[in-house]
Amino acid sequence: MQTFTDKTVNSSTTTQPFLLVSNVAKEYPTQEGVYTVLDGVELQVNEGEFVCIIGHSGCGKSTLLNMVAGFSSPSRGQVLLQDKEVKEPGPDRMMVFQNYSLLPWKTAFENVYIGVNSVYPEKSQAEKVKIVEENLSLVGLTEAAQKKPAQLSGGMKQRVAIARALAIRPQVLILDEPFGALDAITKEELQEELLKIWQEHQLTVLMITHDIDEALFLCDRLVMMTNGPSAKIGEVLKMPFARPRVRSQITEDPRYYELRNEALDFLYNRFAHSEDPNEDAPEQPRTENLVGKIVATIGGIALLAFVGFSLIQMFTSKTPNTANPATIEAPR
Numbered sequence: 001m002q003t004f005t006d007k008t009v010n011s012s013t014t015t016q017p018f019l020l021v022s023n024v025a026k027e028y029p030t031q032e033g034v035y036t037v038l039d040g041v042e043l044q045v046n047e048g049e050f051v052c053i054i055g056h057s058g059c060g061k062s063t064l065l066n067m068v069a070g071f072s073s074p075s076r077g078q079v080l081l082q083d084k085e086v087k088e089p090g091p092d093r094m095m096v097f098q099n100y101s102l103l104p105w106k107t108a109f110e111n112v113y114i115g116v117n118s119v120y121p122e123k124s125q126a127e128k129v130k131i132v133e134e135n136l137s138l139v140g141l142t143e144a145a146q147k148k149p150a151q152l153s154g155g156m157k158q159r160v161a162i163a164r165a166l167a168i169r170p171q172v173l174i175l176d177e178p179f180g181a182l183d184a185i186t187k188e189e190l191q192e193e194l195l196k197i198w199q200e201h202q203l204t205v206l207m208i209t210h211d212i213d214e215a216l217f218l219c220d221r222l223v224m225m226t227n228g229p230s231a232k233i234g235e236v237l238k239m240p241f242a243r244p245r246v247r248s249q250i251t252e253d254p255r256y257y258e259l260r261n262e263a264l265d266f267l268y269n270r271f272a273h274s275e276d277p278n279e280d281a282p283e284q285p286r287t288e289n290l291v292g293k294i295v296a297t298i299g300g301i302a303l304l305a306f307v308g309f310s311l312i313q314m315f316t317s318k319t320p321n322t323a324n325p326a327t328i329e330a331p332r
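As numbered in full-length UniProt numbering, residues 1 to 332 make up the sequence shown, in order.
No lab work stands behind these hints: they were computed from the structure. The hints are all genuine.
When the alpha-carbon atoms are kept at most 30 Å apart in a straight line, the in silico BS3-like pairs for lysine-lysine are as follows: (1) K196 to K106; (2) K128 to K148; (3) K187 to K232; (4) K147 to K123; (5) K147 to K128; (6) K196 to K147; (7) K106 to K148; (8) K84 to K238; (9) K84 to K232; (10) K128 to K87; (11) K84 to K123; (12) K147 to K106; (13) K187 to K130; (14) K148 to K123; (15) K196 to K128; (16) K123 to K87; (17) K187 to K148; (18) K196 to K130; (19) K106 to K123; (20) K106 to K130; (21) K238 to K187; (22) K196 to K123; (23) K130 to K148; (24) K232 to K87; (25) K147 to K187; (26) K106 to K187; (27) K196 to K238; (28) K148 to K196; (29) K128 to K84; (30) K147 to K130; (31) K128 to K106.
Restraint-style ranges between C-beta atoms, simulated for each label pair: (32) N46 to D265: 22 to 28 Å; (33) G40 to K148: 43 to 49 Å; (34) K106 to N269: 44 to 50 Å; (35) Y28 to Q199: 37 to 43 Å.
Glycine included, each C-beta is placed from N, C-alpha and C at the ideal position.
Whenever a hint applies, use it, and build me the whole structure from the sequences.
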């Protein structure tokens, strides 16, 4: 099978990449000691590139994007945007979440306006209104501008979230499974819209997805992560498909299925959840497990016996003595 693996992802280049994740690790303290979510993550992203990240749940994908967004800091290593270290959130990086994150008491227009007003306080009211209207129009929500989230479908809510992010004019658009909760038809519609917006605005995009077909259709490179703890980038696949992309055309390309099978093999064979038992919590010794099972079994039997005896006592105490009819008082 022809392989499209990017073998140069960790190689040095003559120019500084637009976005650089350099030897990043993330650790959390626990009662059992330090838990390492990510370790030794290396990723270079070019300006205007669309990169998708895929991996099993719990491998640290969202943790990585949170560090790029500035919501958290690496325990080791650096995240650099245009050679400047990312230490906090900023308008140059906007994130769109799976759960929409809209203020329910505000209209679609007001949800977008809040972001614009906070980033561009120096602009006039008319300028800010124009920015909001342009971005709502960009995602096809001009007619729904005065509706509140409760009046919008899931797809429309996500359009508002995307419009709010785009209205800030970020350098990097960060997407954490933005279409994961949507039905298949709406998801494909928004994928098409996202590609159109990306191409028109020349954004740099980092996107988490669990959908391999979505990733192959959208991205320039597919970053596949190993399992945690101490997860890292295991393999990077380059997409050979020309842009603009037509879904029906690329799904007829034999290379599409080669890449799809390679991604599936990585996720479900080479890095299935149960691949390395040493990465899971240590098991108790067999003798301890056996004793625990015996104690639990005896305890369960005793509990059932006690409950059964109590029920019998209750039943017999409330049942009339039918052996001697004379003791039963006739109804009056």
